[in-house]
Every structure is written in structure tokens, then in C-alpha cells.
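Since chain G is already given, all that's left is putting chain R on it; use the hints.
Protein sequences appear in the order of chains G and R.
For the first sequence, the numbering used here gives the first residue as 52, with consecutive numbering after it.
For the second sequence, the numbering used here gives the first residue as 222, with consecutive numbering after it.
In case anyone wonders, no lab produced these hints; they're calculated from the structure.
The structure displayed is predicted, hence computed values, not measured ones.
For each residue, glycine too, the CB sits at the ideal point set by N, CA and C.
Warning: the hint list may mix true and false statements.
Computed list of lysine to aspartate or glutamate pairs in EDC-like fashion (alpha-carbon distance at most 20 Å, straight line) [as the list claims (entries may be wrong)]: (1) 324/R - 97/G; (2) 263/R - 168/G; (3) 260/R - 168/G; (4) 118/G - 222/R; (5) 263/R - 302/R; (6) 324/R - 222/R; (7) 94/G - 142/G; (8) 140/G - 52/G; (9) 260/R - 97/G; (10) 140/G - 168/G.
Interface residues of chain R toward chain G, partial, derived using beta-carbon atoms under 7 Å [stated by the list, open to error]: (11) 240; (12) 271; (13) 283; (14) 312; (15) 316; (16) 319; (17) 322.
Covered stretches of chain G, going by a simulated chain R footprint (3 or more residues, C-beta under 8 Å) [to be verified]: (18) 89-100; (19) 127-138; (20) 170-176.
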Amino acid sequence: EVQLVESGGGLVQPGGSLRLSCAASGFTFTDHYMDWVRQAPGKGLEWVGRTRNKANSYTTEYAASVKGRFTVSRDVSKNSLYLQMNSLKTEDTAVYYCVRCTVSPLARTGQYFSYMDVWGKGTTVTVSS
Amino acid sequence: DIQMTQSPSTLSASVGDRVIITCRASQSISSWLAWYQQKPGKAPKLLIYDASSLESGVPSRFSGSGSGTDFTLTIGSLQPDDFATYYCQHYINYPLTFGGGTKVEIK
Chain G
52 EVQLVESGGG LVQPGGSLRL SCAASGFTFT DHYMDWVRQA PGKGLEWVGR
102 TRNKANSYTT EYAASVKGRF TVSRDVSKNS LYLQMNSLKT EDTAVYYCVR
152 CTVSPLARTG QYFSYMDVWG KGTTVTVSS
Chain R
222 DIQMTQSPST LSASVGDRVI ITCRASQSIS SWLAWYQQKP GKAPKLLIYD
272 ASSLESGVPS RFSGSGSGTD FTLTIGSLQP DDFATYYCQH YINYPLTFGG
322 GTKVEIK
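Only chain G is shown next, with the shape it has when bound in the complex:
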């Protein structure tokens, strides 16, 4: 069974740091792009960042709102995805979801258009003094 389990959420003061983890199982972790998506209380979904697959050297992309403060990484030996969050702001308060992405069957060779097909249950981060 494909499964993603997040951990590491909690209460942190503004300016602080937190590291989220996501344990992946049931699929070949190195084959897939992996995302973090967040949802502030009562709000919609916001993409945070991505790490590409092994074929694309695990390179990363970020939303402008977190670039320079957040880092997405993975440890393939542990089948784990991470989100290192530094310089946290009150507006980073949200549920953070770990998401597996799958390349579209319509993508041509060399294209990697990927949709989000498996979501974890999320972990809550609260940034408050």
C-alpha cells in the first residue's frame, strides 16, 4: 500500500526553525517527484516546494513565499522526504502535506509534467509567540 506519513509539526516562535519529515512506503521513492503543499487555517491549498526524481538529480523548486527560508530534501536510504523551515513567520502557520507526484502518461520523452496523486494526512505547524 502506498503511504506517506508526516511528522515534526508543532508550535514554534516567529523567527524559529522546524524540520518536517515524511516517511514514504509502498512505492519506488527515487522514481517520483515529491512535493510539500500547505493549507493555512480556513484557507485554500498552496504549493510550497518540490524535489525532482533521481533521473532529474533531485533538483528543487520553491514558491516565492518560502524561497530562501525553506529547503526540501530527501534521504533515499530512509525513503524519507524533509522540509527544513527557517526564519518562520506567523503566516507560515498551516497544515503541511507531503505529496507524491506522478508523471503524466501524456508527457513526451524528456517532459515531466506531474500531478499530485498521493497525499499524506498532514502535520500542523503553528508559528506564534
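Relative to the frame of chain G, chain R by itself:
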């Protein structure tokens, strides 16, 4: 950045109704669009990818259409389990962006 605009933001409907949700992209995204369903306190669930492909295990009453900038999600006959919030999302370039959501409520 590509803006995704959903309408309506809230929709009241009855069991058995045919429901249509629209999503408009600020520029062409070809067919690189997905639809998700989210229930309160739960993670989103993929329904449709590539604008019109039904994810495995999703009931056939859900269907998607469109390409370019205009897309629709149709629920053929609304069931009690379908009352939820629906989001569209493009995946043609970065940043990936979602629509603001459409909440389907019981009439």
C-alpha cells in the same frame, strides 16, 4: 505566475443533481490540469488528471473536460459523499498553483 480562478466559490445542490464547477487559467495550460476533492479535516484526494483522465478508484460520475484556459469538473449525479470542497491545479510550470476552491453544500 498562472492564476487559477474557480467558480462558483460555493454551490448549493441536492442529492441527484448534476453539478458543474469551472476553472479558468490566466494563460494556456494545455491539458495539464488536475482536480482534487477535500473533506473537512482530511487531505485532498486526486479525482482527475490531464484535464479529463479519471484517477483509478474514483466513481465514474466524476468527469473533467477542457483544454487551454477553460476547464470543467462535472459530477453527473451528486451523492451524499460528494459534499466537499473541490480544487483545480495546473502543473505546466512553476510555481504550481491551485484555484481558490469550490465548496459544494447541501441544499
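Right, here's what the structure says about each hint:
| no. | hint | verdict |
| --- | --- | --- |
| 1 | 324/R - 97/G | holds, 17 Å |
| 2 | 263/R - 168/G | holds, 15 Å |
| 3 | 260/R - 168/G | holds, 16 Å |
| 4 | 118/G - 222/R | holds, 15 Å |
| 5 | 263/R - 302/R | holds, 13 Å |
| 6 | 324/R - 222/R | violated, 24 Å |
| 7 | 94/G - 142/G | holds, 12 Å |
| 8 | 140/G - 52/G | violated, 36 Å |
| 9 | 260/R - 97/G | holds, 16 Å |
| 10 | 140/G - 168/G | violated, 29 Å |
| 11 | 240 | violated, 19 Å |
| 12 | 271 | holds, 5 Å |
| 13 | 283 | violated, 15 Å |
| 14 | 312 | holds, 6 Å |
| 15 | 316 | holds, 5 Å |
| 16 | 319 | holds, 4 Å |
| 17 | 322 | holds, 5 Å |
| 18 | 89-100 | holds (count 4) |
| 19 | 127-138 | violated (count 0) |
| 20 | 170-176 | holds (count 4) |
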